[in-house]
Structures are given as structure tokens and as C-alpha cells.
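Undergrad: Spelled out from the first residue to the last, the chains are:
2 protein chains.
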Amino acid sequence: MRIRSSFFSIFLLSSSSSPSSSFFSSRFSSLSAMSPGANGDFKSRVTVVGSGNWGSVAAKLIASNALKLPSFHDEVRMWVFEEVLPNGEKLTDVINKTNENVKYLPGIKLGRNVVADPDLENAVKEANMLVFVTPHQFMGGICKKLKGKVTGEVEAISLVKGMEVKKEGPCMISSVISKELGINSCVLMGANIANEIAVEKFSEATVGYRESREIADTWVQLFNTPYFMVTPVHDVEGVELCGTLKNVVAIAAGFVDGLDMGNNTKAAIMRIGLREMRALSKLLFPSVKDSTFFESCGVADVITTCLGGRNRRVAEAFAQSGGKRSFDELEAEMLQGQKLQGVSTAREVYEVLNHCGWLEMFPLFSTVHQICTGRLKPEAIVHYRDHKA
Amino acid sequence: MRIRSSFFSIFLLSSSSSPSSSFFSSRFSSLSAMSPGANGDFKSRVTVVGSGNWGSVAAKLIASNALKLPSFHDEVRMWVFEEVLPNGEKLTDVINKTNENVKYLPGIKLGRNVVADPDLENAVKEANMLVFVTPHQFMGGICKKLKGKVTGEVEAISLVKGMEVKKEGPCMISSVISKELGINSCVLMGANIANEIAVEKFSEATVGYRESREIADTWVQLFNTPYFMVTPVHDVEGVELCGTLKNVVAIAAGFVDGLDMGNNTKAAIMRIGLREMRALSKLLFPSVKDSTFFESCGVADVITTCLGGRNRRVAEAFAQSGGKRSFDELEAEMLQGQKLQGVSTAREVYEVLNHCGWLEMFPLFSTVHQICTGRLKPEAIVHYRDHKA
Chain A
192 MRIRSSFFSI FLLSSSSSPS SSFFSSRFSS LSAMSPGANG DFKSRVTVVG
242 SGNWGSVAAK LIASNALKLP SFHDEVRMWV FEEVLPNGEK LTDVINKTNE
292 NVKYLPGIKL GRNVVADPDL ENAVKEANML VFVTPHQFMG GICKKLKGKV
342 TGEVEAISLV KGMEVKKEGP CMISSVISKE LGINSCVLMG ANIANEIAVE
392 KFSEATVGYR ESREIADTWV QLFNTPYFMV TPVHDVEGVE LCGTLKNVVA
442 IAAGFVDGLD MGNNTKAAIM RIGLREMRAL SKLLFPSVKD STFFESCGVA
492 DVITTCLGGR NRRVAEAFAQ SGGKRSFDEL EAEMLQGQKL QGVSTAREVY
542 EVLNHCGWLE MFPLFSTVHQ ICTGRLKPEA IVHYRDHKA
Chain B
192 MRIRSSFFSI FLLSSSSSPS SSFFSSRFSS LSAMSPGANG DFKSRVTVVG
242 SGNWGSVAAK LIASNALKLP SFHDEVRMWV FEEVLPNGEK LTDVINKTNE
292 NVKYLPGIKL GRNVVADPDL ENAVKEANML VFVTPHQFMG GICKKLKGKV
342 TGEVEAISLV KGMEVKKEGP CMISSVISKE LGINSCVLMG ANIANEIAVE
392 KFSEATVGYR ESREIADTWV QLFNTPYFMV TPVHDVEGVE LCGTLKNVVA
442 IAAGFVDGLD MGNNTKAAIM RIGLREMRAL SKLLFPSVKD STFFESCGVA
492 DVITTCLGGR NRRVAEAFAQ SGGKRSFDEL EAEMLQGQKL QGVSTAREVY
542 EVLNHCGWLE MFPLFSTVHQ ICTGRLKPEA IVHYRDHKA
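Protein chains in written order, with this note's numbering: chain A, 192 to 580; chain B, 192 to 580.
It is worth saying that the hints were derived from the structure and are not from the lab. Wrong hints could be hidden among the right ones.
Which copy is meant is left open, because identical chains are indistinguishable; a pair holds if it fits in one copy or across any two.
Cross-link-like lysine to any residue pairs, in silico, SDA-like; alpha carbons within 20 Å at most [what the hints assert, rightly or not]: (1) K568 with G339; (2) K335 with G548; (3) K568 with Y418; (4) K473 with F485; (5) K480 with A470; (6) K281 with L555; (7) K480 with R466; (8) K568 with P417.
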């Protein structure tokens, strides 16, 4: 077990914008001074990070386990990008007062041991476990802000879907975290639509790990509940790519729904999407295993995301409009500030495929991007063989 | 290419009862006397067999290709278990007059080259390709009737879902055909809800073959259309078991829907179902390949069957009734004479698992059977770990 320092911190990041800092610091530093960790009993410290829809649910899961597990400090700190609510109150104030994220997960108690903190640096400073759960476009800024501030033997886990595309190829978020902060990062992905887990309906997830099974087991302990079954898999890239690429498949499935093409067509498109996910993952990382795609992060996440996720929903509306309304417009109208990942991931995947000369091998992924940008009509989703880029 | 004799016959079997014979014989023998095959030009003869919902759609697909492919006789004969319609007309008469199966696929033209024949022996006698597509419980009787009547180099393909359970273990329908009739049999399975293919919505299927890729390619030619994409796979048992076992998963998915458990739970149950399908197939036939489960017959068929199939629909109603109404009663009420395969397959699978001492390894399959028989409540579907048989 590599985790030996006294504090774990769980970072649940706001899903609406880049991080800001300070103002609740005094309150939290007094709380952390009371922690068993500070008293030298070496409990892992789950301070906290992040507060979107999924982030809030993750905090709830972790908080319930932190209370039960003797090796964890009770308090789970949640970093919240501060927002002022319509009634003039600050979001962190309301979370700490009501124990609910009234904006992103209304009606669900997070657990009394979850403490919202608007100051990113303060939230991480005593942590030895960091959970990253933000829209992927904010991860660069967050890592920049945390660079050099995370010290000691700290472990991270990423719940972030997406990747950064650089000239030299795609860069997974877990790698960005490892590179920027100098720490190991696992990933947790799977068939988990936040609102359903929030009301404790049965679901599953997959933890992908790079080296230590022991670290993976610790994360499993921290997330696993009777209604949320977590399985560790020795394939961090495969698990992470599943979580990223499935959003592109969900966009395709949304088009099929919007055009009312029926279940056969939808199943075919989901299958072809899963096949392209698997093929691309193996091209990018030859260590990726076939068996990963049978895990919750693979086939189950494709299913749940294509049945009920927001990418599917907005893509359905896009296709219903005949491609005349833009994704930006629909996102603003339909998602109340939440972000759509599938469209930007489709663009990034397209850039990778184009850069590597692989467009013809991935007709479904290519076609999704071309429909999103208006170069092809939504109907092209089932004629993608005619539109090989 | 093993297929050299002059006639192919496509057997599409009625889905309502066991076969009866005769009475249209004179008409059909005159038709077959006009066939090019009889004139010695060695065209493969697609006479015909079967006429349920899926059988009628298969006849439509094949008929459109038989017209286009020079190596096939135009006529596709369809064996129909004779029924008298409410207006007093015979089903075969109406099919041959209107070119529609008014009972099992109303509103869809089958193709002018499809000829309904109520006489099983007559329908097969000049055929060199047989397509079996009936509820699996009728296959035993049909094979008995055809035993010794199928001569020459005849090839078969089975679209039948299900298996026969004998003391010595499960027996796949393709094996029953091979054993009883002494001919090779491929299988065609996949994500194909008949009514959606009937209206030419895009979908896929998988042909599983045992030995000859060339034979498989011939079947692909005969079924493939721009809206129905067929892929051959060298794994007849894997493909056939997918088509059989997915109906058990669909029953589980129906329970989840009936209990309104949400998409995460449904995706988890579908994934666990796919995992048990894969594990059981590999235990029964070690040659079964993982990759088969990524084909249309695997993941896509699980998806489409769990989204829209009749097994799912009846299981949903069963769960909504709290298990108080029987499957027999619901089947009679909801399916207009069509048969439910999932419940009997679940029983057969249970018998195999029980006989082999594997019940604990397949908690989902075991639980489905126990819910169907009233030994467990529908809610047990997500607590199956507590109910290991």
C-alpha cells in the first residue's frame, strides 16, 4: 500500500467554470485542525473536491463510506466553484447549511460529513487522496493551479470524461494529472447516470489502475456501496478511453432517436460505436484489453449513456431540428449550465484520427463529428459507409 | 463451394403450431416443374419455408436477393402452417393472392416471387438450401417429419432461438438439424426485431458457420441488403448461444423496467447478462470466441431485445403485476398467438446449470428462472447475489 500519509482529499470540482479561490478558508482550516489525521493517527484524509451533478453524487458515496471505514477521516471536503444563487446566497453557504447541492443535485442529502470549500488550494492542502470530477475542459487550469501544491504521497482518481488533444497525440486526463502534479492517478468510469445513483438505484462502476492493485482496492472501498458495485481492472487507459469515447457514441444514438429509426438501428449504431471505441483504444494503447469492454465502463456505460444521458438527449433534439439548431444553443437551453462532452470529444477524436491518417477506419466517429459541424445531415448516421471521410 | 445441386429451399415455418401437410401440392408441383433448376441450369433453388413474423421478414429479404442473384432461382417457397382466418379464407391462399402475410406481418409485401406452401414435404423436396425459422419447440417434430426426405447436397441455416435440453446436456438447434437430417447447418442471429427490418430500417445480423466460409458467404449474399448488414463469423455455437441466451437477459431487463428501476440498473443487468451468456457459452463449447459477443448477435442483440422485444414486454407486465399474473396468461393476452421464448429458455438453462452444478456461477440466469416460477419476487433481480441458488 503506497498510501501512507495522513490525509486524503477528495476533489469534486464545479462543473460550470474555472476555479476561483479563498473565503471559506478560515472555517476549513479550523475544521482540519480537529482532524484525527492532524493528531498523528494516520487516517487517510478525504478532504474533498468538486460539486457538479456527478461530483456531488461521488461525494455522497464517499462520505457514507468514510464514516464507516476506520482508515479514513470522517470529513470529506468538496471543492466548489463558488456561484451566487438567484436568492443572493452563495452555493457553498447553502451546501454547508442544508447539506444539499441545491443547484446540481437538489433534494439529495450529501452526508453531514461533506464540507463545501470554495478555495481550491486550501481544499487540497491536507489531502492524500484526490478525486477529480469536472468537465474535462477545466482540468488544464486546475492542474496548473495545483502544480507544486500537492506534496507527499498523494494518490488521485479521475472521474473526468474526455481527453486533451495535443500535437503529439491524445493525452488522457489521468496522464495530465500524473504529469502536472507528479502523482499516480487511477480512473473510475462506468454506467452511472448521477441522478439514478443519487436515489440509490442499483448500478456498477469500474476502477482502472496502472500499477498497484492495493491502491485500486482502496478506491473501490471508498466508492463501493450495496447499490454501487465497483470492480477494479488493470487497464487504466482502456477504462478511461471507454468513459471518454462513449459520449461520441451517445451523440450517434441521439441522432438515431431524433430521426425515429427504431431499436434495431440504435442497437446497431451502439454496437458499431463500441467496436470503434475498442479499435481506437487498442490503436492508441496496445496494452488495452478486450475484456475491459465487457466491464461496466464498456458495454454498460454505452448502454446507459445511449438510453438516458444528456449527450443523447441534446443530439436527439439536434436531429429533430434537422441540424438547424446548433449544439451550443441546445446545450444552453436544455442543460441548465451543465456541459455537453460528446460534441467536443467527437471533435478531438476527429483531430486525432485525421492526424494519424485513421479517418477511414472509424467511419462512425468521423461521421458524428461531421454531423455536429453541419457538414453532413443527421440522416448520414446510418449511411456513414457512404461518407467515409 | 459445397453447394452444387440445383435447388435451394427456404423453409419458413409457421410460429403457431406443429406442421400439417398437403392440399396445395398440385399447385406447387406445377410451379416447380417450371423451375430453371428442373431444366438443368444448376441454379440454387430457394423454394421456401416458414411464415411467422421473423420468418416472413426473412422470406422478404431472401426474395429480393434471389431476384437479383443469377445463381439463385427466382422463386422462394415459404412453408406455411395452414390456418383459417376469421373471414374463412386460408392463410396460404391470402398470402399467395395478396403477397402479404396478413396474420404475422400485415402491410408488408413479401415479393411476388414468394410462394406460400402448406405442405412441408412438398416444399422441401426440390430445395438445396433450407432456412429454419420457427419457435424452437416445434423443431423436433419438423425434423422428424423431414427425416429421410432431404437428400443430396443440401445446406441449412437456422434462425431458431432456443435449445433442446437432454440428459446428456444442451443440444443446439443447428446440431439437431445436422443430426436428424444429415446436413450441415449455419445459424443467423442478431439485433433484428422483425417489424423494423420489415420497414427497411437499418440493422445488422451475424451468420455463424462451422467449417466452410464459402457456404457462409452464400448465406450472407442471400440475406444481405443495404439496410440489413450481415457478417459471417467462424463460431456457430457462440452465435447460436447468443441468440438463445439473450432472451433470458431480456426477461431480466423486463423485470427492471416493470419495477421502474432506471437506466443504470438496466444497463448493469444487461451487462451482467452478457457476461453470463459469454461464460456459459465458453463452458459449454470451449471453442466459443470472445469476439463473437461484440458482433450483432452478441451485444447488439442483447440491446435491441432488452429495449423492444416481446420477452422484455411480457416480463415488464409480469413484474408490474408483482408476479401475480402468470407468464402463460400474459403471453396469451399480449402476443396474439406468438410465443415467448425467454421463459422456457430460462427453465432449460436452469436445468443445464443444475445438472452441471453451475448454478452458483450464474446467479442472474438462476434468478430469472426462479422469478418466472414464483419462487422469488421480481425485486430479486437486483438482489440476485443474496439468492444464489
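Undergrad: How would you classify K335 and G548 at a CA-CA limit of 20 Å: within, between, both, or neither?
TA: neither (32 Å within a copy, 57 Å between copies)
Undergrad: Give the relationship of K568 and P417 under a CA distance limit of 20 Å: within one copy only, between copies only, both, or neither.
TA: Answer is between: at 19 Å across copies they meet the 20 Å cutoff, but 44 Å inside does not.
Undergrad: Classify it for me, K480 with A470: is the Cα-Cα distance of at most 20 Å met within a copy, between copies, both or neither?
TA: Both: 11 Å inside a copy, 17 Å across copies.
Undergrad: Evaluate K473 and F485 at a C-alpha cut-off of 20 Å and name the case that applies: within, between, both or neither.
TA: both (15 Å within a copy, 15 Å between copies)
Undergrad: Within, between, both or neither: how does the pair K568, G339 come out at a Cα-Cα threshold of 20 Å?
TA: Neither. Shortest intra-copy (47 Å) and inter-copy (56 Å) distances fail the 20 Å Cα cut-off.
Undergrad: My question is about K480 and R466: at a cut-off of 20 Å on alpha-carbon distance, are they close within one copy, between copies, both, or neither?
TA: both (13 Å within a copy, 16 Å between copies)
Undergrad: At 20 Å max between alpha carbons, let me know whether K281 reaches L555 within a copy, between copies, both or neither.
TA: Neither: 44 Å inside a copy, 47 Å across copies.
Undergrad: Using 20 Å as the alpha-carbon threshold, which applies to K568 and Y418: within, between, both, or neither?
TA: between (41 Å within a copy, 18 Å between copies)
In this structure, the hints that do not hold are numbers 1, 2 and 6, in rising order.
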